[in-house]
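Could you put the whole structure together from the sequences, leaning on the hints where they help?
Just so you know, the protein sequences line up as chains A and B, in that order.
Quick note on my numbering: the first sequence kicks off at 1 and runs consecutively.
Quick note on my numbering: the second sequence kicks off at 1 and runs consecutively.
Treat the hints as calculated values from the structure; they're not laboratory data.
Even glycine gets a Cβ: it sits at the ideal position worked out from N, Cα and C.
Do not take every clue at face value.
Computed footprint of chain B on chain A; a stretch qualifies when at least three of its residues, placed anywhere within it, have a C-beta under 8 Å from a C-beta of chain B [to be verified]:
#1 156-165
#2 209-216
#3 246-260
#4 270-280
#5 299-308
2 protein chains.
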Amino acid sequence: MTELKNDLLLKALLREPTERTPLWIMRQAGRYLPEYREVRAQAGDFMSLCRNPELACEVTMQPLRRYKLDAAILFSDILTVPDALGLGLYFEAGEGPKFERPVQSTAQIGKLAVPDVSETLGYVFDAVRTIRRELDGQVPLIGFAGSPWTVGTYMVEGGSSREFPIIKGLAAEAPAALDSMLDIVARTTTEYLNAQVEAGAQAIMIFDTWGSALERDDYLRFSLAPMQKIVDGLTRQNEGRRIPVILFTKGAGVLLKDMVATGCDALGVDWTTSLADARQYTGDKVALQGNLDPATLRESPEVIRQGVADTLASYGKGPGHVFNLGHGVTPDIDPDHVAVLVDAVHELSPQYH
Amino acid sequence: MTELKNDLLLKALLREPTERTPLWIMRQAGRYLPEYREVRAQAGDFMSLCRNPELACEVTMQPLRRYKLDAAILFSDILTVPDALGLGLYFEAGEGPKFERPVQSTAQIGKLAVPDVSETLGYVFDAVRTIRRELDGQVPLIGFAGSPWTVGTYMVEGGSSREFPIIKGLAAEAPAALDSMLDIVARTTTEYLNAQVEAGAQAIMIFDTWGSALERDDYLRFSLAPMQKIVDGLTRQNEGRRIPVILFTKGAGVLLKDMVATGCDALGVDWTTSLADARQYTGDKVALQGNLDPATLRESPEVIRQGVADTLASYGKGPGHVFNLGHGVTPDIDPDHVAVLVDAVHELSPQYH
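Here's what the structure looks like:
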């Protein structure tokens, strides 16, 4: 394996000292970049792009050519896992993801089984290997998956949802069946992430976009417990290095206190909780990643720089901060504004180390 | 004025002892009721219903005929205030509220002025008087308005929004102009609510649906500070009784700690914060209203009863709890399920008093 030239991200995720705050940006490979839109048009639909290792590698690399980022993140989607479970993922123009065969009853849950990930998700591991080769040790590669609860909302509702009526119905009326579905998703996700690590992913992030739609007891049972199973089953060491694990429940707030106990290395934080508060909730036991409001990228360079300065100051001195947005960069953002953010982190963060 | 026969709500909001937990339901007058849909069809569009005091009174009374509720809430909309400010509110089928003349620049903000509410919003005060007459002291009537920030998001974005790009732009680039717009909304809202009280509203609730989309410092400046101005300016005594004020920022979480200091009497809580935690955050200084997940109303009677039991137990013993959902009842709910909830609160709550 090639030597890693920039290991700031891995060090910060393990709360080891660094000379400045490393950064990457959620959805850094995405629609705000004209070069991404070109490749996407070439690939056809979104899943064809995910399934083509060369093109997935190309869009993964694009933001690194523009910006001094400290990590690449695999270009893929959290819904590859339920697709591998046989639900039939498809995208309708302007409508977001859909499933041909959603799972809405105890009987349908009973038919689910953990698939052979090397067979059903091999295209992802091919992409990871291609990206690692192309990165050539420039920065580490982050692999990822969705949390079982978040993935489960799409599996049960059949697509995007705002109120989650069907899965909340299962949680209330057939909680053991829902546990069992989430267990299958968790076991599949564990194998999926371990295969990403084996293929070359150097850190792992689990995205839990919808956990905070639950009341706390249900969050603990249906969102955090399945994530815990994944953390417990993950390969934590590869190529002679520890593989850090980041959990991110959007809107977690004080739930961050509960998340620390999973044994993860880092927690993602959105902008509705200040990093100062998050640091207090987590008692410096884990690293924190975040948390500028993505809306800030629409503003002037002065406002973006101030936002970066405030975010760095809120975390304060010491190791353990990975700069990021509090959620993904949106398609309407001017790529030059992202450059302002990246430069500001490089310029303003050394004083905190 | 007629004597109030059931003052449980007013007592609980002031943390005075009651023999059981009073309850009402956000959006209790609404589309889940067939008799509402009939009146709505008769009125034509939504605003015609709001502007017709007889019909607004009729739909306000409908849920009280079905359920043993402890309050009526004025049937109206939070966007009557910006309509009175001259923005031209209209509703497009299936698209939600829109404004003909959104306010998106410092120059447009400069042209806003506090209107004569008796002239522009007289139809609301007529509705309040009509409802009070019809209630005949059965239960108290809650008046309400939106928070300036929440109302401001519609004024600036021109309608519903998920990311609030334009108003967040103002907050970042022209914060003093946004302060000044929110000040005009706050002053108009104060006059509007005081006129509701004068017409007969016996408690006041301020709905802040979108405050929690802000990071904390911005929440304090753009959402909480304008609500504070309203609380400071409100008539707190009428007909020989105190007029309790309830603030509700959806998704407030630990922001509840900041909200207590406004001098409000009660705080609304959504289901993502347990009442036990909310009680700890607020140190029993205010009453709490909430917080069953509205999704629970889709479930079986057993699950609804258990949800009520858990909510009551989470608040625990002592005065100061008003039972409610954590957000409005949705149009798809079976009215019989609401009856299960209401009966469960009557049956299960006395043991906590």
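Hint check results:
1. 156-165: holds (count 3)
2. 209-216: Since three or more residues must qualify, the claim that chain B covers the segment 209-216 of chain A holds, with 5 doing so at under 8 Å.
3. 246-260: holds (count 3)
4. 270-280: holds (count 5)
5. 299-308: holds (count 4)
Comparing the model with each earlier hint shows no violations; every hint is respected.
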